[in-house]
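First residue of the sequence shown? That's -10 in our numbering, and the numbers climb one at a time after it.
I should point out that these hints are in silico values taken from the structure, not numbers from a laboratory.
Among the hints, a few may not be true.
Think about it this way: if two alpha-carbon atoms lie no more than 30 Å apart in a straight line, the pair counts; the simulated DSBU-like pairs of lysine-lysine are [to be verified]: (1) Lys280 <-> Lys460; (2) Lys254 <-> Lys457; (3) Lys348 <-> Lys302; (4) Lys93 <-> Lys302; (5) Lys487 <-> Lys93; (6) Lys341 <-> Lys176; (7) Lys487 <-> Lys222; (8) Lys176 <-> Lys57.
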Amino acid sequence: MNTQTSIPLIYLLSFASGFLCLGLEVIWIRLISFSMFSVPQAFAITLGIFLIGIAIGAWFGKRICEQKDLSILDVAQYFFLSGCLDLLLLIISYMFMGTALFSKVALLLILISASVRGLIFPMVHHIGTIKNKNGKQISNVYFANVLGSSLAPILIGMVALDYLHTQHIYLLICLLSVLIFLICQIKLSTPILRIPVILISLGLIGSLWVPEKVLHSLSQTHYRSLIQLIENKHGIIQIYQDNDEHVVFGANVYDGIFNVNLLKKDAHDDASVNRIERAYLLTTLHSHPEKVLIIGLSTGSWAEILASMPEAKEITIVEINSAYQDLITQYDSIRPLLDDPRVHIITDDGRKWLRQHPKEKFDMVLMNTTWHWRAYTANLLSIDFIEMIHQHLNPQGILMYNSTGSREVFNTAIAVFPHVYQYYNMVVASNQAIDFPSDEVLSERLARLQWQNGQNVFTPVELPQAIKQIKSITFKPITKPFNQGEIITDNNMLTEFKYGLWNQVQK
């Protein structure tokens, strides 16, 4: 074996074993989390199964090292094996997508995949240090592996997912695994299996042009038709056709509907589509809201309604996923929001932005928060964050946010604000008491609303029906905590774990 040739190859194998293994883990976590509706347990379960697989593979890798003499090509063959196996496992998992068995089958496949990839590093370490066991060589082999393991989540999770589909990154990992074997063959001048390896590599390269199928299959439902799917590093957005409505899902859970028409009735009950009464009520609760903050853009429907308030001089929208802005451009009823000079859309994390702008004060803050049981939702519902918003409200300021049915969300609001109200599933909170507007006030404040083109939102004929629609939902004060009065904090994440969807299903 040529030492000068073998040492760089050993470092390459060590780096690649870490990079490709962790890259695959990132993709599987994304797929499992998506299929499990973004519950926080999905990450822990997938990671746990993956680590168990790595441990199993490492144990067998050690046994292989003890039982036979290994060469670089022997180790490279395991890269070839893992690349082909992972491709096969993706095909098998695809057969179960859209079924209740997918998550269970996928976790078993992850265990198999991780076990095979876990074989590699013990072998690389063995052949890389067997002739030179000094500290420098051992640390170099380890460093290459750690470097690959560290770069994979960054390059794949933070960069590649902005340019490639999840499916294509998975296939690219399979391709790179096979190419590692081919590189070693060429460097070591070994012709064994070179033609089949080249053909498989070309096949994998061709697969990168195959349209995305994996997430489309996971997104299928029996009552909606998927018409668009958008991916980036921040998540996955699905748009469904449901009768004549376009329904938006984020990471496989309901996010909203494109609708600003209060008088458009839902097909299933007497409420307006997407309960848009909630947004219109907010426009009537404050007499003169000049500065408005909206955390979370989604379809932009609620933001478009708040932008119809003529008193609003500045509307700041903080949305972490820029793909929603691109989506809004496709809908005529919402697109004017993007051209409104009063509206400033900032692509950032809401908590981070508030922390960086401590002097900003608002008359109105809206958060149409996602489901309380989703991973990371406690970041928006915890007392730590609600207190932060409280500090950014003017004395007469109003906060409205979605509890999505969690009583602990109301308990948390009560712990921060002296006056808390419930309107359907929304929390309405303020330092000052809020009276539900009279018919006269409702009529006056709804009549003043105008779209960006100067057209009134409601005609005089429509106003009575609009008032009736808003009054159809009870507005009531919440004066005492529910249940045991438990409060959501950054540390306990009550809505994600103790009272999360996972525990509800297990019961």
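Now the hints, each set against the structure:
| no. | hint | result |
| --- | --- | --- |
| 1 | Lys280 <-> Lys460 | 26 Å, holds |
| 2 | Lys254 <-> Lys457 | 13 Å, holds |
| 3 | Lys348 <-> Lys302 | 18 Å, holds |
| 4 | Lys93 <-> Lys302 | 52 Å, violated |
| 5 | Lys487 <-> Lys93 | 23 Å, holds |
| 6 | Lys341 <-> Lys176 | 49 Å, violated |
| 7 | Lys487 <-> Lys222 | 28 Å, holds |
| 8 | Lys176 <-> Lys57 | 23 Å, holds |
In the structure shown, a violation is registered for the earlier hints numbered 4, 6, in ascending order.
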